[in-house]
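There are 2 protein chains.
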Amino acid sequence: MTGHADTILTGDRPTGPLHLGHYVGSLRQRVELQQSCRQFILLADTQALTDNAGRYSKVTGNVLEVALDYLACGIDPARSTIFIQSQVPELAELASYFLNLVSVARLERNPTVKDEIRQRGFQRDLPAGFLAYPVSQAADITAFKATLVPVGEDQVPMIEQTNEIVRRFNTSVDQEVLVPARALVPAKGARLPGIDGKAKMSKSLGNTLTFSASPDEIHAAVHRMYTDPQHLRVCDPGRVEGNVVFAFLDAFSPDPAGVAALKERYRAGGLGDTALKRELEPLLQALIAPIRERRAALAADPAAVWAILREGSLRAREVAAQTLDEVKRAMGLAYF
Amino acid sequence: MTGHADTILTGDRPTGPLHLGHYVGSLRQRVELQQSCRQFILLADTQALTDNAGRYSKVTGNVLEVALDYLACGIDPARSTIFIQSQVPELAELASYFLNLVSVARLERNPTVKDEIRQRGFQRDLPAGFLAYPVSQAADITAFKATLVPVGEDQVPMIEQTNEIVRRFNTSVDQEVLVPARALVPAKGARLPGIDGKAKMSKSLGNTLTFSASPDEIHAAVHRMYTDPQHLRVCDPGRVEGNVVFAFLDAFSPDPAGVAALKERYRAGGLGDTALKRELEPLLQALIAPIRERRAALAADPAAVWAILREGSLRAREVAAQTLDEVKRAMGLAYF
Chain A
1 MTGHADTILT GDRPTGPLHL GHYVGSLRQR VELQQSCRQF ILLADTQALT DNAGRYSKVT
61 GNVLEVALDY LACGIDPARS TIFIQSQVPE LAELASYFLN LVSVARLERN PTVKDEIRQR
121 GFQRDLPAGF LAYPVSQAAD ITAFKATLVP VGEDQVPMIE QTNEIVRRFN TSVDQEVLVP
181 ARALVPAKGA RLPGIDGKAK MSKSLGNTLT FSASPDEIHA AVHRMYTDPQ HLRVCDPGRV
241 EGNVVFAFLD AFSPDPAGVA ALKERYRAGG LGDTALKREL EPLLQALIAP IRERRAALAA
301 DPAAVWAILR EGSLRAREVA AQTLDEVKRA MGLAYF
Chain B
1 MTGHADTILT GDRPTGPLHL GHYVGSLRQR VELQQSCRQF ILLADTQALT DNAGRYSKVT
61 GNVLEVALDY LACGIDPARS TIFIQSQVPE LAELASYFLN LVSVARLERN PTVKDEIRQR
121 GFQRDLPAGF LAYPVSQAAD ITAFKATLVP VGEDQVPMIE QTNEIVRRFN TSVDQEVLVP
181 ARALVPAKGA RLPGIDGKAK MSKSLGNTLT FSASPDEIHA AVHRMYTDPQ HLRVCDPGRV
241 EGNVVFAFLD AFSPDPAGVA ALKERYRAGG LGDTALKREL EPLLQALIAP IRERRAALAA
301 DPAAVWAILR EGSLRAREVA AQTLDEVKRA MGLAYF
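Going line by line, the protein sequences match chains A and B.
One point on numbering: in this note's numbering, the residue at position 277 of the first sequence is 277, and numbering is uninterrupted.
One point on numbering: in this note's numbering, the residue at position 316 of the second sequence is 316, and numbering is uninterrupted.
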């Protein structure tokens, strides 16, 4: 699915610490991808401000938190360039040129943005920056000449928008300056449900497990995990679909055959929720313990983490400045 | 109208050489204002691209032309900072933050932009960059903490938009970082009609006089100037209103009393168009000749002009970078 030469652009809006949902949906994959690809990981503070105007500290205060999560989960700054969007001003400059290549109508038609506008309840107060954020995202992707962008199914229109800009720009200057990107859509099942059974694990829903969770917190989370409300007695048959414990086992067990056997027993009746959860808990304890410890050790020396982000941002600037220079040259804006 | 401490931001979209309309509407005033104010003059190439996407050379090819016009007309790079918008990337970065402070609905309501959208015949293809250009203009103005912005009456809403952003930003960070600006609206009569009698002198209408006009071209332009089509015989009474020759005399004669006397004679009958034009032509020849000569001398050494623009752009960057730094600090985006 990924070639040796792929360059990856990925990242997160830093609006809160990450959690196991991110681990399954993206972090785990990034740790793998950094072995074979050139990977740029964006702490998208500027993008997060597009719908948090005025709530600056909600964003700025979480940059370090997310960086700690990255490093604790095994993203290696020697292999991946972790950088902060606002510290790479070339991205804003590139976006300003791209804004001329996209119509307002096209932005308003973007299905991802339409959904998000609805979710956020924006009406007449829709900030221009929010409507335009796909253009800013196109700048993020193209600045690094990314060829592969891991996204959820719902974000595929963003990559299409980016590639439209790439085509339009290249045509306008009659040169292949920018590079189109492919979406890397995760396999089904790469989305972890919340521990309450809701489809999405999300901080705002309070149904997450973070990388700072203590052994007791992990135990309590497993204890309150949603299973099958109809499964009252151990001997009753139980439902596997929508059962959060099985979703977690599918995501984290190193033994799929063992999980399949558990599913069979659960469906047939005779496997109780408590026994089932006892299968899961040690897996989660073993997964989170080393991450939590690394995270705590890193958090004890924030200056060292900031130094990593600073170095990553400088490295990212070099690459983005090179692309921006090519873009401006192609447009004839290199006067001096 | 202007205090000693005023900082001025003004400029032009470089889409063609300037002409006498610009001289009367702005250049003349800038030459005066640079004596008492700190003046930044923007060659707005980036802004010109918002409705010239893909037509890069129409913009980039005119940067030097407009700079020649500035210098030839007496704008002194030691007193005014002449700079190129695309060479001050801090402006794009500042605009990217301002985009979050303005709603799409507010941009769509901007009367100046509404008019311009109509003039350009934009429909569903309206580029996002064009709709957003008032935000970019707000960045231009505030980056230099300009207190005074010379604009036509039709551009006053742009200053209001800027001041809304100033207020909103300052409130959001609870600090007076940005400075509101006043519009400096020219007195009536500061708009020169086209030589054909149309209300506006404009390159696209072919009714201009440029600063490169030769003595013969000036003579021919005066000869074909629109007067009063009802004024057939010298002895007939003539109309002064709408008469281009009188508009030019009002704009350029150093002798208003003499012009008033001519108007009286013209209205009464007995002053022919040829005689009237003979009053005007020497004024225009005397005005344009030294400008034309300076312009030709400057054009012979383009490297020297580019050096002025480069130096001005660097000076502008320093000021804009300082403001941007204050803005980012106030938002908490100065991590390192």
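Since the hints were made in silico from the structure, they are not lab data.
Fair warning: there could be bad hints in the mix.
If chains are identical, the list can't say which one is meant, so a pair holds when it fits in one copy or spans any two.
Okay, derived cross-link-like pairs now, SDA-like style, lysine to any residue, Cα gap no bigger than 25 Å in a straight line [stated by the list, open to error]:
{"hint": "1", "residue 1": "K277", "residue 2": "V234"}
{"hint": "2", "residue 1": "K114", "residue 2": "R124"}
{"hint": "3", "residue 1": "K328", "residue 2": "W306"}
{"hint": "4", "residue 1": "K58", "residue 2": "Q175"}
{"hint": "5", "residue 1": "K114", "residue 2": "L126"}
{"hint": "6", "residue 1": "K200", "residue 2": "R317"}
{"hint": "7", "residue 1": "K328", "residue 2": "R167"}
These figures come from a predicted structure and were not determined experimentally.
Numbered hints the structure breaks, given as an ascending list: Violated hint: only 6; rest satisfied.
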